[in-house]
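The lines below spell out each chain.
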Amino acid sequence: MSEATTDAKIRLDRLNVHFGANHAVKEVTMAMASNSVTAIIGPSGCGKSTVLRSINRMHDLTPGARVNGSVLLDGEDIYRKECDPVTMRRRVGMVFQKPNPFPAMSIYDNVIAGYRLNGRGRRSEMDALVEQCLQRVSLWDEVKERLHVNAMQLSGGQQQRLCIARTIAVMPEVILMDEPCSALDPISTLKVEELIDELKEKYTIVIVTHNMQQAARVSDTTAFFYLGELIEMGDTKKIFTNPEKRQTEDYITGRFG
Amino acid sequence: MISYRLRRKLLNLLMTLGMLTATLLVLTPLGLIFFHILKMGFSSINLDFFTQIPKPPGEAGGGMANGIVGSGLLIATASLIGLPLGIFGAVYLSEYGSSRFSSLIRFSADVLSGIPSIITGMVVYGLLVVPMKGFSALAGALALALIMLPIVLRTTEEQLKMVPMTLREASLALGVPLWRTTLKVTLKSALKGIITGVLLAVARVAGETAPLLFTALGNMFWSHKLNEPIAALPLQIFNFAISPYDDWHRLAWGGALVLVTLMFTLSLLARWFGRTR
Ligand SMILES: Nc1ncnc2c1ncn2[C@@H]1O[C@H](COP(=O)(O)OP(=O)(O)OP(=O)(O)O)[C@@H](O)[C@H]1O
Ligand SMILES: [Mg+2]
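Listed in order, the protein sequences are those of chains A and B.
Residue numbering for the first sequence follows this note's numbering, starting at 6 and increasing by one per position.
Residue numbering for the second sequence follows this note's numbering, starting at 13 and increasing by one per position.
This is chain A alone, in the form it adopts within the complex (with noise of 0.2 Å):
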């Protein structure tokens, strides 16, 4: 298991979610490093939304939630008292699984909807914000005569892209990805994997993900996960040839059972 660096930008510390009676995750302690992206692996309800969605606090808003243990930003953790949670998600954006564009704005207020919600931004720096950020997810020359319409008239793949300019228009330092790519079709998902390459020189990224290949293609880093504990947590390019644990081969190459 790879130590923790002293560049890691997210250190997670012994971290434990329950709901309820449901030990979620058990005693997690792994770090991500400044500008690297790391893929959460495992199969369906190993927790790995649960460990992704503690790294920003949404667990806050569900009732019978508890998170225990420490997740440490830039040193910092992030469950200390005086931690504002509204800041601090303003560092640590979040891209979720199904696209989730607000479906009463256009185009361009979902891209500057941080800005719009909180009541800042001045109008003529938007535009330019607007335009440089729908650019970085190669939306741009798809809607750019229309930015004005509903976002929900734009196709599934598009509206994830939107959502991922959404996110970094805000300009966070870390972005927590829910299987991005999952209500995608193959040019999109493609799309949104290059932008990831592309996001990672300036954000930490933390992804989860059900496909290997994407995984293996995205990752510098990849965390498998079982039954709500880390498993094991390395280099991509070791873990997909030669992973230490028998668990993990057994997984990546589809034998689980």
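Don't take every hint at face value.
As the list claims (entries may be wrong) - Across the chosen pairs, the derived CB separations fall in these ranges:
| # | chain 1 | residue 1 | chain 2 | residue 2 | range |
| --- | --- | --- | --- | --- | --- |
| 1 | B | F113 | A | R251 | 46 to 54 Å |
| 2 | A | G50 | B | T178 | 13 to 21 Å |
| 3 | B | I14 | A | G50 | 54 to 62 Å |
| 4 | B | L116 | A | S187 | 36 to 44 Å |
| 5 | A | N155 | B | L195 | 14 to 22 Å |
Said to hold, decoys possible - Residues from chain B that face chain A, not an exhaustive set, calculated with beta carbons under 8 Å:
| # | residue |
| --- | --- |
| 6 | I57 |
| 7 | L59 |
| 8 | E181 |
| 9 | V188 |
| 10 | P189 |
| 11 | R262 |
What the hints assert, rightly or not - Here are the simulated lysine to aspartate or glutamate pairs, DMTMM-like style, with alpha carbons at most 25 Å apart:
| # | chain 1 | residue 1 | chain 2 | residue 2 |
| --- | --- | --- | --- | --- |
| 12 | B | K196 | A | D132 |
| 13 | A | K103 | A | E87 |
| 14 | A | K86 | B | E107 |
| 15 | B | K200 | A | D65 |
| 16 | A | K207 | B | E181 |
| 17 | B | K196 | A | D65 |
| 18 | B | K200 | B | E181 |
| 19 | A | K86 | B | E181 |
| 20 | B | K196 | A | D12 |
| 21 | A | K103 | B | E181 |
| 22 | A | K207 | A | D12 |
| 23 | A | K103 | B | E170 |
| 24 | A | K207 | A | D225 |
For the record, the hints were derived by calculation from the structure and aren't laboratory data.
Backbone N, C-alpha and C fix where the C-beta goes; we use that ideal spot for every residue, glycine too.
With chain A fixed as given, assemble chain B with the ligands onto it according to the hints.
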């Protein structure tokens, strides 16, 4: 084979006819009420009806302007009390509340909505009319607000519950505080449904008579003061309908027509808001 097909077709025809009859039977009372009120009330509707106050018994003419304005004032004041309470209460229940306390509030709201409206009127009589030493528009409005409250609370909560969790999460994940998320994402997404609920609540209290009997009391003259008895359309209809004077009966029919038209419009509006979501 043929006889089977024939039987099937015959049965189909019979069932269709049966259902058509049932539908017509359901619509008949509504049609009868509306047609009758239209027939009886139409001749009383003129400019005077909307601009004059009732004439003393025996004098022809006059109108129900004070009742219409009074009802408007009562409903507006009741909304001012009931809507914020109902909507904020629903936001609390659906967005912030702990589950045990929430279910207590929900249960109370359900009980409250089951209480006969005349009892609501009696309670307000004890709570407000007696201490204030007089009937008042405010007491009437409070009684109506108590009837609106559970309706608004429950429909708003249902609408808020229908807003997908992922939308709130999308907003929170952008670093938007919960209260802003509630205001600008959750409430906004549910707005049409909430308006529908509000319109239905207004339609419900617009025709309420019983809770006004011991609270707003009614008034033959103009009154705009909240601490004085005030006229209301349903009260005027009630009082005039049981009076022995033909002129007042005519006014009562006119009032009924105006009231039914108002309800009809509110229901249509509510449907329209409810549909285009
Ligand atoms: N909001 C919740 N309330 C109660 N239990 C939950 C909640 N979210 C997750 N769980 C439980 O936590 C465990 C882990 O769920 P999680 O969603 O993290 O799995 P996952 O690895 O992301 O699965 P999948 O690949 O299917 O998305 C499961 O047993 C699940 O039932
Ligand atoms: Mg998941």
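Here is what the structure says about each hint:
Under the hint 46 to 54 Å, the C-beta atoms of F113/B and R251/A, about 49 Å apart, fit the expected range. At about 19 Å, the beta-carbon gap between G50/A and T178/B stays in the expected band of 13 to 21 Å. In this structure the hint that I14/B and G50/A lie 54 to 62 Å apart at CB holds, the actual value being about 59 Å. Taking 36 to 44 Å as the suggested C-beta distance range, the pair L116/B and S187/A conforms, at roughly 40 Å.
Our hint of 14 to 22 Å for N155/A and L195/B holds, since their Cβ atoms are close to 21 Å apart. Given hint, I57/B at the interface with chain A, is violated; its Cβ is 41 Å from that chain's nearest Cβ, farther than 8 Å. Evaluation of the L59/B hint against chain A yields a violated restraint, the C-beta minimum of about 43 Å exceeding 8 Å. The beta carbon of E181/B comes within 6 Å of a beta carbon in chain A, closer than 8 Å, and the hint placing it at the interface holds.
Given the 8 Å rule on beta carbons, the hint for V188/B holds: about 4 Å separates it from the nearest Cβ of chain A. Look at P189/B: its Cβ gets to within about 5 Å of chain A, closer than 8 Å, so that hint holds up. At its closest, the beta carbon of R262/B sits 49 Å from a beta carbon of chain A; the interface hint therefore is violated under the 8 Å criterion. A hinted pair counts as satisfied when its Cα atoms are at most 25 Å apart, and K196/B with D132/A qualifies at roughly 22 Å.
At roughly 32 Å between alpha-carbon atoms, K103/A and E87/A are farther apart than 25 Å, so this suggested pair is violated. Distance hint between K86/A and E107/B is fulfilled; the C-alpha atoms sit about 22 Å from each other, no more than 25 Å. With a C-alpha separation of about 22 Å, the suggested pairing of K200/B with D65/A holds against the 25 Å cut-off. Distance restraint check for K207/A and E181/B: the Cα-Cα separation of roughly 24 Å lies within the 25 Å cut-off, and the hinted pair is therefore satisfied.
Distance check on the hinted pair: K196/B and D65/A sit about 19 Å apart at the alpha-carbon level, within 25 Å; holds. With a C-alpha separation of about 15 Å, the suggested pairing of K200/B with E181/B holds against the 25 Å cut-off. This hinted pair checks out: K86/A and E181/B have alpha carbons roughly 22 Å apart, not beyond 25 Å. Between K196/B and D12/A, the direct Cα distance comes to roughly 38 Å. Violation of the 25 Å bound is thereby established for this hinted pair.
For a cut-off of 25 Å, the pair hint linking K103/A to E181/B stands: about 12 Å separates their Cα positions. For the hint linking K207/A to D12/A, the alpha-carbon distance of about 15 Å falls within 25 Å, and the restraint holds. A distance of roughly 23 Å separates the Cα atoms of K103/A and E170/B; the hinted pair therefore holds under the 25 Å criterion. At roughly 15 Å between alpha-carbon atoms, K207/A and D225/A fall within 25 Å of each other, so this suggested pair holds.
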